[in-house]
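S.K.: Sequence:
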Amino acid sequence: MKEKIITFFQDVVKEMKKVTWPSKDELFESTKIVIVVCLVLAAFTYVIDMLINQVLKGIF
1 MKEKIITFFQ DVVKEMKKVT WPSKDELFES TKIVIVVCLV LAAFTYVIDM
51 LINQVLKGIF
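For the record, in the sequence shown the residue sitting at position 35 is 35 according to our numbering, with numbers rising by one throughout.
Take the hints with a grain of salt, since some may be wrong.
[What the hints assert, rightly or not] If you anchor each label on the Cβ, the simulated ranges turn out as follows:
#: 1; residue 1: E29; residue 2: I6; range: 35 to 41 Å
#: 2; residue 1: M1; residue 2: V40; range: 49 to 55 Å
#: 3; residue 1: F9; residue 2: M50; range: 48 to 54 Å
#: 4; residue 1: A43; residue 2: E3; range: 52 to 58 Å
#: 5; residue 1: L51; residue 2: K4; range: 54 to 60 Å
[Stated by the list, open to error] 30 Å max Cα-Cα, derived DSS-like pairs, lysine-lysine:
#: 6; residue 1: K17; residue 2: K2
#: 7; residue 1: K4; residue 2: K18
#: 8; residue 1: K14; residue 2: K4
#: 9; residue 1: K32; residue 2: K17
#: 10; residue 1: K17; residue 2: K4
#: 11; residue 1: K2; residue 2: K14
#: 12; residue 1: K18; residue 2: K2
#: 13; residue 1: K32; residue 2: K18
#: 14; residue 1: K24; residue 2: K14
Calculated directly from the structure, the hints in this document are not laboratory data.
The beta carbon of each residue, even a glycine, is placed where N, CA and C say it ideally should be.
Construct the complete structure from the given sequences, taking the supplied hints into account.
M.R.: Here it is, written out as structure tokens:
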């Protein structure tokens with residue numbers, strides 16, 4: 001059992017060395033895109049919610 005755990009962590013280290021990590025600039029750009037998309041989706045959800053709210057108030 002102990003050998004399996006050690007082998008697992010050795011394999012993890014080998015695989016992590018193969019990973020291509022983003023540069024600081026790439027990470028910053030991706031973060032900005034994610035924040036903008038989240039804000040746009042939040043605004044869209046808010047507008048749709050307000051429209052549905054107004055329609056329901058008109059019906060009831």
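S.K.: Hints first: check each against the structure and report whether it holds.
M.R.: Structure-based check of all given hints:
One distance hint, 35 to 41 Å for the beta-carbon pair E29 and I6, holds here, with the actual separation near 39 Å. For the pair M1 and V40, the supplied restraint of 49 to 55 Å holds, since their beta-carbon distance comes to about 50 Å. Taken as a hint, the range 48 to 54 Å holds for the pair F9 and M50, whose Cβ atoms sit roughly 52 Å apart. At roughly 54 Å, the beta-carbon separation of A43 and E3 lies within the given 52 to 58 Å, and the hint holds.
Checking the proposed 54 to 60 Å range against L51 and K4 shows it holds: the Cβ atoms sit about 57 Å from each other. For the proposed pair K17 and K2, the alpha carbon gap of about 23 Å is at most 30 Å, so the pair holds. Between the alpha carbons of K4 and K18 the distance comes to roughly 21 Å, so the proposed pair stays at or under 30 Å and holds. At most 30 Å may separate the alpha-carbon atoms for a hinted pair to count; K14 and K4 meet this at roughly 15 Å.
Of the supplied pair hints, the one linking K32 and K17 holds, its CA atoms being roughly 27 Å apart against a limit of 30 Å. Note on K17 and K4: the hinted pairing holds, with a Cα-Cα distance of about 20 Å set against a maximum of 30 Å. With a C-alpha separation of about 19 Å, the suggested pairing of K2 with K14 holds against the 30 Å cut-off. A hinted pair counts as satisfied when its Cα atoms are at most 30 Å apart, and K18 with K2 qualifies at roughly 25 Å.
Restraint check for K32 and K18: the C-alpha separation of about 26 Å stays at or below 30 Å, so the hint holds. Our distance criterion of 30 Å between C-alpha atoms is met by K24 and K14, whose separation comes to about 23 Å.
In terms of the numbered hints stated before, the structure departs from none.
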